[in-house]
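Asker: Protein sequences appear in the order of chains A and B. Residues in the first sequence are numbered consecutively from 1, following my numbering. Residues in the second sequence are numbered consecutively from 1, following my numbering.
Calculated from the structure, these hints are not laboratory results. For glycine and all other residues, C-beta sits at the position ideal for the given N, C-alpha and C. Do not take every clue at face value.
[Claimed, not checked] Looking from chain B toward chain A, a few residues come up when the C-beta cut is under 7 Å (computed):
#1 80
#2 155
#3 200
#4 243
#5 263
#6 267
#7 270
#8 279
#9 403
#10 431
[Said to hold, decoys possible] Covered stretches of chain A, as calculated for chain B (at least 3 residues, CB under 8 Å):
#11 190-204
#12 430-444
#13 492-505
#14 598-605
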Amino acid sequence: MGRRHRAAAALALLLAAPAALAQDAIFADGFDNRPEGPFTRAEAQRFLTQATFGPTLAEIDRLLAMGYNAWLDEQFVATTSRQLPFLDQLIQADIAANRPIDVWQDKRQEIWWRNVLSGNDQLRQRVAYALSQILVVSDQNGALEGNPTTLAHWHDMLASGAFGSYRTLLENVTLHPSMGHYLSMFGNRKPDAALNIRPDENYAREITQLFSVGLVMLNADGTPVDGNPAQAGVQPVPTYNQDTIRGFAHVFTGWKYSTCIPPNTTSADPNNNLNWWNWEYCSSQAQSVSGDQDWRLHEGWRTPLRPWGEGNTVRGEVYYAHEGTKQLLNYPGVSLPNGVLPSSSGRTAGSRARHDLGLALDNVFNHPNVGPFIARQLIQRLVSSNPSPDYIGRVAAAFADDNGAAAGGTRGNLRAVVRAVLMDPEARNLAQVPANGGKLREPLLRVSALWRALDARSRDGRIREGWPEVYGAQAVLRSPTVFNFYLPTYALPGEIANAGLVSPEFQITTDTYITRLTNELGGKVYWAWIGNTGLGSWDPVQVDLSRDLALADQPAALLDRYNLLFLGGTMSAGMRSTLLAHLNDIAPNSWEGWRRERVQDALWLILTSPEYVVER
Amino acid sequence: MATDHRRDFIRRSLATLAGSAAFTALPAKLALAQNARPMLRGAGIDYRALVCIYLYGGNDCFNMIVPRDAGYAAYQATRTNLAVAQNALHALSPVQAPIGGGQFGMHPEMRGIADLFNAQRAAIVANVGPLVRPVNKTTYQQPGTLLPPQLFSHSDQSVVWQTPRADTTARTGWGGRLADIFFSSNANPTLSMNVSLAGENVFQAGQTVLPYFMSSSGVERIGMIETGAANCADGGQGWNRRRCLTFNALQNATYAHPFQRAYANRMRATRETTRMVDVALATVPRNDPVFQPFWTAFGLAWNATNPPELPDLGEQLLMIARVIRARDALQMSRQLFFAGIGGFDTHDNQLTDHGPLLRQISAGLKGFYDVLAQPSMALTNQVTAFTASEFGRTLSNNGDGTDHGWGGHHIVVGGSVIGGRIYGRMPNLSGNSQTNPDDAGWGQIIPTLSVDQYAATLATWFGLGATDRAAIFPNLQHMTGSMLSIPGPDLGFMQAV
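Generate the whole structure from the sequences, applying the supplied hints.
Answerer: The following block contains the structure:
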């Protein structure tokens, strides 16, 4: 068994890799491979580039020994590395020491870095990062910028739900206080004709446009449905219209913090008992907590929103629009007749808002677009900017039914979706990657890959990397708008756009940021290394060069190692000879730092090279 | 050796340009127009620039320009708790009333623009928005009427505003297409005609021209290869020369993947341009007293040693003013700038959040105009600034904010603006969506001028001829008839220079 697979691997290798690179250092395995692979260290490296925050030598060998399936199964049940406990611990320490609480968004970035650099739930964190760019909230928002804990709780919600049901995730997203504030669903009121007030449409619009179905009807493979085949070109069919947005806007009314004081009696007298200020100024602090609690600890910011008046059978949910029908999404096979949500006024007061929300989210979740719409974006974040329709179709099929062709499967199981994204032939087999496949690496992933590959750490274990958007134009949960750092459809003008390709990450590769990131990687390689006395008391994350300094006098071996770690063995012969000449030019003994200079130059020149920056 | 390398580098750049699909994909009409265009070569001759101020999120222009006569009652009834107080408005005294009459005032935070307007250095263009064909309430409600795709969506409407091609999904901007025609007017072949202070945008993306991106704090070089005595391409012997040569060799290699080529091209163009801009900016320091009007406009103390930081849009406009002042060193005679600020998506907290944003626009543009008016600049007639935003907001109110609308008012500032006038017709502000003839259905106002007309008027002033205009704005030909407040390709708010 093992022998046959090794033979297959050797064949794949001949097809996929330049012969000059078929060197033992990269491709030797010595393990009894699992039937699904990986069969080489290079294959393992490539998989880990897509599934983690960067390959390490140890993880490459571990994956090679385990096989993809065992590795995935391990990752699917790995305990979530959470953010909130870290922030809470810092807050409590400040409180105990009786000093001002110094916990802001940079501390949230710190625990994100710590988890993605050293957490054992690499795949979970990587998928959470992808989801955070689809289901966007951001600290660039007045209500959230001073509140790192609610965003940490949000991220923990994404991470723990990364392999769960997309329906559950949609509900958690909808009712999270961070999202409630970010897209103003929190405190959204039912209409009041006398005051010319109608429900806020913000969340209604974005949950449909960005989080689920998108603007136009899609085929099962993600291509747009052609509304009129008789006419030249594709005539897109809109998924919804303004009536639909109004319908959803009416559903998303009446919700406040779980900690709010509801209408305060069961009496039916509307004049005495409707304390509107309890709605308008309701507190996020739990009523059981006495005294003034810091807002970063408030229960209301870390528990799902609740309809104001839920459970009150007399007054009901006072600000919820239960009267009237609501047009929701209408699509083939929709379960509500014509996609219309009936009025819930006949239902028991106090049970309407949540009931209608459930039906509305089912209406969104079951739309046939959701599979291909989410599939494309997850593939873009993990594997390739321009997946083929077949690839999207296969992943969308896993979304539609996690049991494949067999009956009895479940819709929206993200575990099945992530497995389909990563195990697809177009993701796994380099020989099947289209000529334009792959993607531009995201700035944060370029930094994390360097740090993981070189076991970077600070002296005291803290991570002072709170504002990476300064050099990378991105930081987790810090997008400038709900449209993320880049659009999934962004096409760089010129050759890429003219070829009909998209290139999301190029949207932030402006003159300013290409320079800053190139400089930043320089600083992280040439300056922030363990043992650099020039750092003084400054204690940033520092790369550990010691392992590779041992290869400094063997430039070819050093390049082999970096070719594996960073390029999965795909370094071109031209690039290799250029680098080799460069390293040999740094003559031994010309000055005491020549070893380090060789290692640092190799690192920085590779990390800034077009071959590395575009991952295939 | 190094000289050869340099020559190689240039040859390679030219080859890349000539061989790229972008060049061959240039529409035939444009290519023809290009042959016939006037060549405006030479440094500093006949300078002209447009400055786009993009308001991300959809500006609530119905609170920016408010009736100050009897019309205020309808406005107040519609806007209720969001209404701006009548007695706080800055009165606008137009030399010519808008179509349909009415007296208006500017938001209390917009003193600077009101002053420019009353001095006839600024104009207001009323109720502009994306259109495929002119529409009114009746035709809007008829099936089959051609409408812009995905009305009320941020991402789509911001694209349509900048292209303006409401009939297609094309993603080149009108500023980019303009630059495709005019870029060779500049003696400098390296620096893009289009400079963005606010990152990537559709407005400046052409078929061949890509914008140059800088930040309001200036430009930066790549420290590991561009410090030292000289950079490697110039044959210097700086300490990092060897690393620089290898870096260049890797960037300049031939690549099979279009993303690799695009990345290497951007890296190469960035470094070349940055070197040039860096040198030029050093000649126009931030603390040059000529820029003091910015601090005056923002009500901040001037300090010649280290002037305090201005609000975001102020810093962007200041950097634009510096680049304009360095136009001779940069050998630029035609430029398109892009600045932008976010935060206009005021679904909630509108009363708190909107005023400071309007203040940035007003003080920023007032400071910018006053700098251009300084004797040593004397460029007010050569530079025109204008606002853009994906949509106006709903007349109706969601409790403490407004939602995505359609048409909106815009501001044009400059010495070549036929100012002190409101162009077009102000919409009916009645809150009754059913009976308000301008209301598409939920407080979303149907535009009575198209973005095509607005943009084409500015482009014509910039120097665009009638033939090219038809090629760049193909929908302009449909912008006729009585549903528009002003029909035709030119709204008349710009003088010929």
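Asker: Hint compliance check: list the failing hint numbers for this structure, sorted ascending.
Answerer: 8
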